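Chemist: The primary structure of each chain is shown beneath.
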Amino acid sequence: MRIVIAKPGLDGHDRGAKVVARALRDAGHEVIYTGLRRTPEQIVRTVLDEDVDMLGLSSLSGAHAFLFPRVCELLVEAGCTDVTVFGGGIIPLDERQPLFDSGMRAIFGPGTKMHEMAEFVEAVISRASSNQPVGVGEGGDWVWNGGE
Amino acid sequence: MAESDPLSKTIFEQAVSGNRRSLAKLLTAVENGEVSHESLGISPRIADGSVIGLTGAPGVGKSCLIEGLLSKWTSDGLKIAVIAVDPSSPLTGGALLGDRVRMESADNNPDVFVRSFATRNQPGGMPNAVVLAADVMRQCGYDIVLIETVGAGQSEIRVVSVADRIVLVEAPQRGDEVQAEKAGVMELADLIVVNKSDLEGSKRAADNIISALGLTSNPPPVLLASARNSAGIENLANQMKTLQAKPGAELARARERLLTAWDNALLTREDINEVLENLASSENSAQDWVDKNLRW
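Top line first, the protein sequences correspond to chains A and B. Under my numbering, the first residue of the first sequence is numbered 28, with each subsequent residue one higher. Under my numbering, the first residue of the second sequence is numbered 314, with each subsequent residue one higher.
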């Protein structure tokens, strides 16, 4: 899989994003890291030009409630409806449903094991191969629930 | 793959008319070996200096220099595409492609198209698909295609098989003057730029290179630049636009092209995994296998 890992907004904490990028690399995926402080528009441009399958958004600044849905909206506008979007960072449990409603398929909080993220990617691959919705604009209510 | 494929031809036509998403999708097909020059109906490009390889050791500042070149050239009205190559893991096949981090224009500038390629363990650190990818980008109206190689040492010269011109990026404090005397990629460079000219020792590094190459015929120009201070970028950008191929390197280029084609033919054999497993698990030497299977 080709996966973009992006840091939207004014947030300088990229340890988590780098660890995730590394874990996905070690799971055999091609990971493109955007660097810090990207706008939603810049992130969508990267997804578009690099023609990736998945986008991981990382935020520890508290701005996820605005930035994540904005990225999803722009992706759909750009026609990237089949791209799977997931997120990670400090995202309180009661703020996750609106993110899922905007088309995201997983949110990973602190303490997530590396292998869980790789399992999520595998689950997306297997769902996509049987034409079940996984993309940001493909609808359906499937979200990752820890592999249960 | 050799036959004309109407679907990819349609995507190609959309890409030529300026649709970024079609170009991106087409490049994926190129990278996966699903299309060819024949299937897209384009002839291989004649080397005209519009596809330029940038090579050099890790950390000398290739990506930062490219960012400087992108700003300069696009403000001159040119459209520029970049192919940024990073290594794949030989163990897992995964890759971390991080060249965009240093290229702000990649995400902002409408006249720039940056695409990251993983080597996918192709020998020489240069994916075979880059040749077609560069040709496609040229067809889509990009005036110059820059190919950023993986961080390369002294003898990685495979980039000459895909690029018309080679720019070697150097930096100060990378060893004594004997480093500049060693054989290798320095001899094939059409231009050498010592980056980080804001650092101490950069002038000396350039002088060492000039004096080492002074004994060869047709030494390439050696420039100083600083991607950090935007110093020397304009001169570099102007010289790169009209760069002449270094005479005397034709055979070396042909050799690398042959090796690329040969490696590709070997590694895309249907039985390649069987062959590798056999070699890994038995006493058979690779040389024996070659003698038995590849001699003619």
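I should point out that these hints are in silico values taken from the structure, not numbers from a laboratory. Since the structure is predicted, the reported quantities are computational estimates derived from the model, not experimental observations. One or more hints might be untrue.
[Said to hold, decoys possible] Under 8 Å between C-beta atoms, here's a sample of chain A residues computed to sit facing chain B:
1) 48
2) 61
3) 65
4) 106
5) 120
6) 122
7) 124
8) 164
9) 165
10) 166
11) 167
[Said to hold, decoys possible] The following residues of chain B were derived to be distant from chain A, with all beta-carbon distances above 12 Å:
12) 323
13) 342
14) 401
15) 407
16) 419
17) 421
18) 423
19) 452
20) 454
21) 497
22) 552
23) 572
24) 585
25) 596
26) 602
27) 607
[Said to hold, decoys possible] Under 7 Å between C-beta atoms, here's a sample of chain A residues computed to sit facing chain B:
28) 52
29) 53
30) 56
31) 58
32) 59
33) 103
34) 127
35) 128
36) 129
Glycine residues also receive a C-beta, built at the ideal position from the N, C-alpha and C atoms.
Chemist: Classify the hint on residue 65(A) as holds or violated, based on whether any CB of chain B lies nearer than 8 Å to its CB.
Modeler: Holds: closest Cβ of chain B sits about 7 Å from residue 65(A), inside 8 Å.
Chemist: With 7 Å as the cut and Cβ atoms as the points, is residue 56(A) at the interface with chain B?
Modeler: It holds, given that the least Cβ distance between residue 56(A) and chain B is near 5 Å, below 7 Å.
Chemist: Using the nearest Cβ pair, does residue 127(A) come within less than 7 Å of chain B?
Modeler: 26 Å, violated
Chemist: With a cut-off of 8 Å, does the beta carbon of residue 166(A) approach a beta carbon of chain B closely enough for the hint to hold?
Modeler: Check failed: Cβ of residue 166(A) comes no nearer than 21 Å to chain B, outside 8 Å.
Chemist: A closest beta-carbon separation below 8 Å is what the hint needs, so does residue 164(A) meet it against chain B?
Modeler: Hint on residue 164(A): violated, closest Cβ of chain B at ~14 Å, above 8 Å.
Chemist: For residue 572(B), is the shortest beta carbon distance to chain A beyond 12 Å?
Modeler: Given a closest Cβ separation of 25 Å, the condition holds.
Chemist: Holds or violated: residue 48(A) as interface residue toward chain B, Cβ cutoff 8 Å?
Modeler: For residue 48(A), the interface hint holds, since the closest Cβ of chain B sits about 6 Å away, which is under 8 Å.
Chemist: Can we trust that residue 552(B) is non-interface, i.e. its beta-carbon lies farther than 12 Å from all of chain A?
Modeler: Non-interface label on residue 552(B) holds, nearest chain A Cβ at 28 Å vs cutoff 12 Å.
Chemist: Is the interface hint for residue 61(A) satisfied, with its Cβ closer than 8 Å to some Cβ of chain B?
Modeler: Holds. Min distance 6 Å.
Chemist: At 12 Å, judged by beta carbons, does residue 454(B) keep clear of chain A as stated?
Modeler: Given that every Cβ of chain A is farther than 12 Å from that of residue 454(B), nearest at about 15 Å, it holds.
Chemist: Using 7 Å as the Cβ threshold, decide whether residue 129(A) counts as touching chain B.
Modeler: With a minimum Cβ separation of about 21 Å from chain B (threshold 7 Å), the hint on residue 129(A) is violated.
Chemist: Is residue 607(B) truly not at the interface, in the sense that its beta carbon sits beyond 12 Å from all beta carbons of chain A?
Modeler: 30 Å, holds
Checked against the numbered hints given earlier, this structure breaks hints 5, 6, 7, 8, 9, 10, 11, 13, 14, 15, 16, 17, 18, 33, 34, 35, 36; the rest are met.
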